[in-house]
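Chain by chain, the residues:
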Amino acid sequence: MKRYSFVQLLRNAIGLGDGWQQAWRSPEPKPSYDVVIVGGGGHGLATAYYLAKNHGVRNVAVLEKGWIGGGNTGRNTTVVRSNYLWDESAAIYEHSLKLWEGLTQELNFNVMFSQRNLVMLAHTEHEMIEASRRVHANRLNGIDAEIWSREQTLAFIPILNKSMNIRYPVMGGSAQPRAGIARHDAVAWGFARGADALGVDIIQNCEVIGVRREGSRIVGLDTTRGAIDAKKVAFVAAGHSSVLASLAGFRLPIESHPLQAMVSEPIKPVLDTVVMSGAVHAYVSQSDKGELVMGAGIDAFNSYAQRGSLPILEDLASAMVELFPIVSRLKILRSWGGIVDVCPDASPIIGRTPVDGLFINCGWGTGGFKATPGSGWVLADTIANDRPHALAAPFSMERFASGRLIDEHGAAAVAH
Amino acid sequence: MLLIPCPYCGERTESEFRYGGEAHFRRPENHLEATDEAWADYLFMRKNPKGWHRERWMHIAGCKRWFYVVRHTVTHRISSVYKVGDPLPDLPS
Amino acid sequence: MTDECAPLDNVLRPGAPSGPSGVALSDRRFVGQINLRGRGEAVTAVGAALGYALPVEANTTVGSGVSRACWLGPDEWLLICEDDQRAELKKRLDDALAGHAYAATDVTDSRAVLRIAGACARPVLAKGCPLDLSARSFGVGHVAQSLVGRAQAMILPIEGGGYDLFVARSFAGYLWTWLLDAGAEYGIRVQT
Amino acid sequence: MTQDFRLAKGGRIDREKPLRFLFDGHAYDGFAGDTLASALLANGIHLVARSFKYHRPRGIYGLGVEEPNALVETGIGAAIEPNARATTVELSDGLIANSQNRWPSLRFDLGAVADLASPLLSAGFYYKTFMGPGNAWKLYEWMIRRAAGVGRAPEQPDPDRYEHSFAHCDVLVVGAGPAGLAAALAAGRAGARVMLVDEQVEPGGQLLNTAYTINGRPATDWVADATAELDRMDEVRRLQRTLALGVYDHGYVACVERAVPVPEGRTRWRERMWHVRAKEIVVASGAIERPLIHDGNDRPGTMLASAARAYANRYGVAVGKRAVVFANNDDAYRTALDLADSGIEVAGILDLRHDLTGAMPALAREKGLRVLAGHAVVGTRGRTRLKAVEAAPVDDPSNRQIIECDLLAVSGGWNPALHLYAHAGGKASYDAALAAFVPGSSPERMTVAGSAAGEFALAHCLSGGARAGVEAAKRAGFSATQPALVLEAPEPNADTRVGPLSAPNRGGKRFIDLHNDVTEKDLRLAAQEGYRSVEHAKRYTTMGMGPDQGKTGNILGLNVLSDALGQAVPQVGTTTFRPPYHPVSFGALAGREVHDLFLPTRKTPMDSWHEENGALFEPVGQWRRAKAYPKPGESLHAAAEREVKAARESVGLFDASTLGKIDVRGPGAAQFLDRIYCNTFSTLKPGNARYGLMLGEDGMVKDDGVTARLGPDHFHLTTTTGGAASVYVWLEDWLQTEWLDLEVYLTSVTEQWAVATLSGPKARQVLGPLTDVDLSTAAFPFMAFREGRVANIPARIFRVSFSGDLSYEINVPARHGLALWQALMESGRPHGITPYGTEALHILRAEKGYIVVGHETDGTITPHDLGYGGMVSTKKDFLGRRSLGRAGMTGPDRKHLVGLLSKDPARVLPMGAQILERPTEARPAPMIGHVSSSYMSPTMKRGIAMALIKNGRERLGQTVYLPLLDGPTVAAEIVSPVFYDPENARRDG
Ligand SMILES: Cc1cc2nc3c(=O)[nH]c(=O)nc-3n(C[C@H](O)[C@H](O)[C@H](O)COP(=O)(O)OP(=O)(O)OC[C@H]3O[C@@H](n4cnc5c(N)ncnc54)[C@H](O)[C@@H]3O)c2cc1C
Ligand SMILES: NC(=O)c1ccc[n+]([C@@H]2O[C@H](COP(=O)([O-])OP(=O)(O)OC[C@H]3O[C@@H](n4cnc5c(N)ncnc54)[C@H](O)[C@@H]3O)[C@@H](O)[C@H]2O)c1
Ligand SMILES: Cc1cc2nc3c(=O)[nH]c(=O)nc-3n(C[C@H](O)[C@H](O)[C@H](O)COP(=O)(O)O)c2cc1C
Ligand SMILES: [Zn+2]
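Residue numbers (this note's numbering), protein chains in the order written: chain A, 379 to 794; chain B, 59 to 151; chain C, 4 to 195; chain D, 59 to 1047.
For the record, the hints were derived by calculation from the structure and aren't laboratory data. Treat the numbers as computed from the prediction; the structure is a model and nothing was measured. Every residue gets a Cβ at the ideal spot worked out from N, C-alpha and C, and that includes glycine. Treat the hints with care, since some could be wrong.
[Claimed, not checked] Derived pair list, reagent style SDA-like, types lysine to any residue, alpha-carbon separation capped at 25 angstroms:
(1) K94(C) with H772(D)
(2) K934(D) with E87(B)
(3) K667(A) with H772(D)
[To be verified] Computed spacing ranges between beta-carbons, pair by pair:
(4) P86(B) with K689(D): 25 to 35 angstroms
(5) G68(B) with S499(D): 23 to 33 angstroms
(6) E162(C) with P86(B): 49 to 59 angstroms
(7) T47(C) with S666(D): 43 to 53 angstroms
(8) T93(B) with S594(A): 30 to 40 angstroms
(9) K540(A) with S784(D): 25 to 35 angstroms
(10) R85(B) with S594(A): 24 to 34 angstroms
(11) G68(B) with H695(D): 46 to 56 angstroms
(12) A51(C) with S499(D): 43 to 53 angstroms
(13) K540(A) with K75(D): 16 to 26 angstroms
(14) K94(C) with R85(B): 37 to 47 angstroms
(15) K540(A) with G68(B): 29 to 39 angstroms
(16) L90(B) with K540(A): 26 to 36 angstroms
(17) S784(D) with R85(B): 28 to 38 angstroms
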């Protein structure tokens, strides 16, 4: 892999460079691999990267039915934070956040991780209490988190609606200074390039359509590009996890829902941080190109269509106008949807499955982008060592039988 | 925004309804004696199919009846609706 | 009796915008309302007491003399009458239904009834009601429960154009403001 | 300034109505009927913008929504609109417009240094650099952010209104060009309810832009006739200035109508969003012309050929004095002919095709125009305005000739506007002859007609439109027959096939996406670097991601990729079309659901009293509730303290009307409640009430409340304020779908009853004089329920207590709520009766150790955790019972509800504070619980708290530690959660 740098950019600009290489190859699938990762989103690619990097497992393929990063990785609002309530969640998201902090250098690919602070607004006393509970817990978990007064919040975000005579006046909020946003595509591409350089085959346009087993053990997969043998397999398919699970003969506590986002036309900077509001349900940041990037709520019904319904976007727009009155005359440029894999406790599933040799990573729902490096890290470790990584153990599927759920609904409000 | 044919009131827009998720999964027989796994299966495990889905809706802003809908989760097409107690219509092929 | 306070008594401010008004908004204050639930023979029994059969066709209403029955669901109706008739109506129902399983509940105070009338009543309502309000599909004799803005409401078309909107009491202020705001475009007059 | 470029005659503008407007501070004149673009062009202004990345000078390029360049700011102050398309802004008197994204001026923009660095700024350059050292990205990002962005946001709230309306129709026709008009006529004649929406100011589509004839008359006459006929039909609604933004499920189409601008003041509304529910949709949205790829293709003065002719035909504007037409197709000859007819000198037609045998080139030659077959533009000259083009034979590109001109009209053929078709799930197929994607099979409820369907000949647009209208009406249930539209071929039928899309490359800049400054080279680089999927190439180069969403450029980009990858265009595929078709304001999407109407605020029957008596309100769900009644100058805390004291020492009055109430009736009612609650209700005697806990099927506490038995098969059930709606749905769910064996009828009576809670040792003295009910403890004991009259109002009285002191919850029909409240206040006056709000309520109940669902529970708490295990029946089944038996539901890891007393009595532990076993712990520290409720207790005269602590009931008496956020670590002792009157000695007064 040729390293990227300003010098290389300059050499190529003035014609001295030897041209740019492919960021990753497009190899034909081999007949067999040690590990096959199904799903070329950020999580799958990160898993492959860390398998190769941390565990020396390099005979690995990532199978992607479309184009890598084309699932939720490529359509999310890119909020990265670690200020989750429960210890188990805080641990894995914070592990991930630490990886984010070095990811650009690690991958030699600028993922534009922008630690611009994140403010979760509180509009009622109840929300202030929830924020207090979470921030207290975060601090004890070693996570930077702060409670902000109304004045602090309004000073930091000048375009916020300052009126007290509105339904949800800003009472204050919680902030995580190390949180921020990152460039979604770059994460997929950076991990792909890194994994490819370590020998991983990234195979696009290759959909898994069957699971081959011997007894209780998985031995390979049927794909639209032929059969592929595998010693171990991991499903990392987000919204499509239930479909894959049903190929392997089991069910998941997952429901797939559309989640929408939208961007405004580009404007000069008005918002230098990430803002989330549970009460009015909106989360927004302004991208480096100038668009406001906003997320909405999920549609109630199950769906595999990457689109949602209009009222959700209308609610988002009125929430935006309510929070930031100056946006009213700006225009929405594009809206889109992804399919999120929602777990009953709003926490992910990482670990083994009822099929030997088959691992799964799913259920990140509306908030897994931030977990991309951390999730890949622990899943790689779990696969390589055939036992759950300590950070992954609480997120096993067994929790649904024991009832030891990790319920992140209450305190996360908007789970992004 | 879906257009849902309430079997009582006729076609109404989705915002009048409340979604109730997958239909016809049942509590295990003798559920108090069921294993934790069987119980978890009932509580949490869902088919979540990519394709035709039998699901529950309540016409909350209308007649307040719960009923069933067969809907495709990719096209969102609705092939049939039926009331509690009605024979299950076949899934379109 | 003590002072009565209709849901809108403290919201309603007469003297709305002047100018040509395409809509008139008024508060019907107290409309007697009995919620009736029952199935099978109970339904027939009610018919005898009311002097007309309960409507069984969805989204229709039947009335005669003192009362009107609005279909709410397959086992649910809203009987409306003058405020001072409801005790008697309820008694008639209870008498007729003795021995049956049913629920007849006086819910008169549960809902406010706002009336919008005038040539532009329909476009005003259409700003927030997803029903097809065209006379083709929704006229006198029909009734429907739906949404108006963010409030649930029972909508009853009235003679001469316009609608009675039955809305939960606590939403009445919201709906009133909503209607005044929606009607501003056409000129709205508050009738007291 | 005079309108130098205004033609002497022609156009649909009203020359009787001159209008004056400002652009970048200069005053110009135009006419009613102009757009900002046509008026600027009439004044010879082409340069109106700077490009996004390189700040290159850019001119007006198109005619309408496809415009990639001419984004300007309109309005002033709070009413500015950034990124308005000059091509869609209707001119009005006094209009103010300004260019954007340039400094210090449009002509001289310092940002243009970026253009010099453009070799460095190749596709995706930012992924390859700015990586260090250390945190340097923060700085780079700061600079990038300042450079990026286009327009600026207003600084004040929007003064305008936005409306929403629902509409229903049998057939919605999008587009009022020839196809759409024909479709609407056909469907309308069949009796269908038709809606015809078109985003232009007037109907006609391309017929307004090109000098077509129909049956020997100007096509615009036909438009006028068709429109008049439609307007005579009762069931047809025609909306101009109305853009269909997106097609959603089941015939749901969002359209935005913009108001007719008024010279002064505000329109009643600025935009109206139509939520159309259509049985059938006819998409007659026309086609959008695309340019060609050639060197220097962004020079101001370069324009789509169809736009150039439209400016002449429709607006009476000569875009230039001397034009060159550069094309690969026959339709562009119409531009040349129309321009020539308007008196504009046409210096030549450069056609990429060698073989020009069609009727149109012949016609052009006949008219004496210079046609150069097999020729291309290989360069352009001029800086902020085109001065000349370099033309050369395609086969010999270095053999250049300079043709002086100030207008280059470019046509690369037409792209059907498939956006709405794609929104509905339509899958397009590639037509190589047109070099365009055309609709494949029709999605449900949709027909595509006219040039949107790839039928470019006018006769086909008319007949195809009529056919679509008939089919749609039929599917919507009307009988319709093909109308006898007499159609003559209007003109010599132009060949719609196109030639190559690209001129020979001589190393200049060749833009694909004009707005985002994406060049052909960028796309080739993306392909080379492995971004082979069209979706990757789009994202790597940002092609088609700008405000115009690639309406003109994308197809060219696909052809470049196709070439670079060696794949056919259909294999390369398209990117996804997403709503909105054209950007829509936040305001229009939000509609009237802003400010006062953002969300409903539910008010209780006594609300006006609270308001008049200085209540401080708080939102609880949709309700607003009085939090406290501070006296002038009194703080919330002081007020709550005073209110608590009154309720403990004499008597307080609380508005509890918001509690959810359900009337439960029927032979199965008692059994039903036994199944719903974890405790038993069938044993409750009529006249008595009982507190119940409702669990979810997961065993977690879902809701709580008191239920009274009114009769053998009649109960009055209460829920929490926030839980009312979901509990009702949940109960109906079980009744309707699972427990068909039970005959039970639920009626929501939340709103029927106003509830005033009289609480405190003097409660009996206050109520006594007002009621006929015997209030003695013997006759009316704790947890009993009585009916009687209070203040002469029929009432239901519950003797329950949420404070621990003697309490009566008095329910009266809502209309009497205020009167009841006033009567109680009056009767209580001698006893110092004090109204109290939710803050005092919370303190009172916390002193007594009572839970609040949502404080002490968060969806993870079982009855056992709360210490309410004794309530859980072991004799019967109930919802959630099985879950309580799971492994994780017992054992020392469960959190228990306990009390917590700070060692310092003056300290109020913060709610939400986390609890440690030891005073100092390394991070991450093992937390054993958190404070769920905490107050300064006026009664106990110290801070009290409730907490959920692991195995807490086994730890009574232990000391635990709470590290506060910016303060000390505080020690506290675990105690029983009941601080006040644990013996229940006070509840009888
Ligand atoms: C609108 C929206 C906003 C969001 N906002 C945020 C946010 O702000 N912050 C945050 O942290 N998270 C957010 N999320 C969630 C986040 O995007 C996801 O949790 C995360 O990206 C999941 O990554 P992944 O790699 O697991 O899944 P994906 O990126 O979806 O990857 C899964 C891949 O599997 C492939 N696949 C599926 N089936 C098969 C098969 N049979 N064979 C081969 N391949 C298959 C898919 O094509 C896909 O590429 C948001 C999501 C959405 C939709
Ligand atoms: N010869 C050629 O190569 C060629 C190519 C294309 C078009 N044409 C000519 O152009 C005409 C095409 O007729 P037509 O009826 O198909 O299209 P049209 O372009 O005449 O009319 C389409 C109308 O729909 C409107 N519209 C588009 N999208 C919309 C939306 N989302 N919401 C609301 N309005 C929208 C447009 O503004 C326009 O007014 C014919 O005269 C045809 O001959 C010729
Ligand atoms: C963070 C983020 C920013 C985006 N910014 C833009 C943008 O500026 N312009 C644009 O056209 N699309 C933008 N998109 C949306 C993409 O074009 C695209 O809609 C999204 O990746 C989903 O893919 P799909 O629409 O092809 O299904 C953005 C998406 C994300 C996730
Ligand atoms: Zn219904």
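Outcome of the hint check:
no. : hint                                     : in the structure
1   : K94(C) with H772(D)                      : 17 angstroms, holds
2   : K934(D) with E87(B)                      : 16 angstroms, holds
3   : K667(A) with H772(D)                     : 64 angstroms, violated
4   : P86(B) with K689(D): 25 to 35 angstroms  : 60 angstroms, violated
5   : G68(B) with S499(D): 23 to 33 angstroms  : 29 angstroms, holds
6   : E162(C) with P86(B): 49 to 59 angstroms  : 57 angstroms, holds
7   : T47(C) with S666(D): 43 to 53 angstroms  : 45 angstroms, holds
8   : T93(B) with S594(A): 30 to 40 angstroms  : 19 angstroms, violated
9   : K540(A) with S784(D): 25 to 35 angstroms : 33 angstroms, holds
10  : R85(B) with S594(A): 24 to 34 angstroms  : 28 angstroms, holds
11  : G68(B) with H695(D): 46 to 56 angstroms  : 55 angstroms, holds
12  : A51(C) with S499(D): 43 to 53 angstroms  : 58 angstroms, violated
13  : K540(A) with K75(D): 16 to 26 angstroms  : 43 angstroms, violated
14  : K94(C) with R85(B): 37 to 47 angstroms   : 43 angstroms, holds
15  : K540(A) with G68(B): 29 to 39 angstroms  : 47 angstroms, violated
16  : L90(B) with K540(A): 26 to 36 angstroms  : 56 angstroms, violated
17  : S784(D) with R85(B): 28 to 38 angstroms  : 21 angstroms, violated
Violation of the numbered hints given earlier is confined to hints 3, 4, 8, 12, 13, 15, 16 and 17; the remaining hints are satisfied by the structure.
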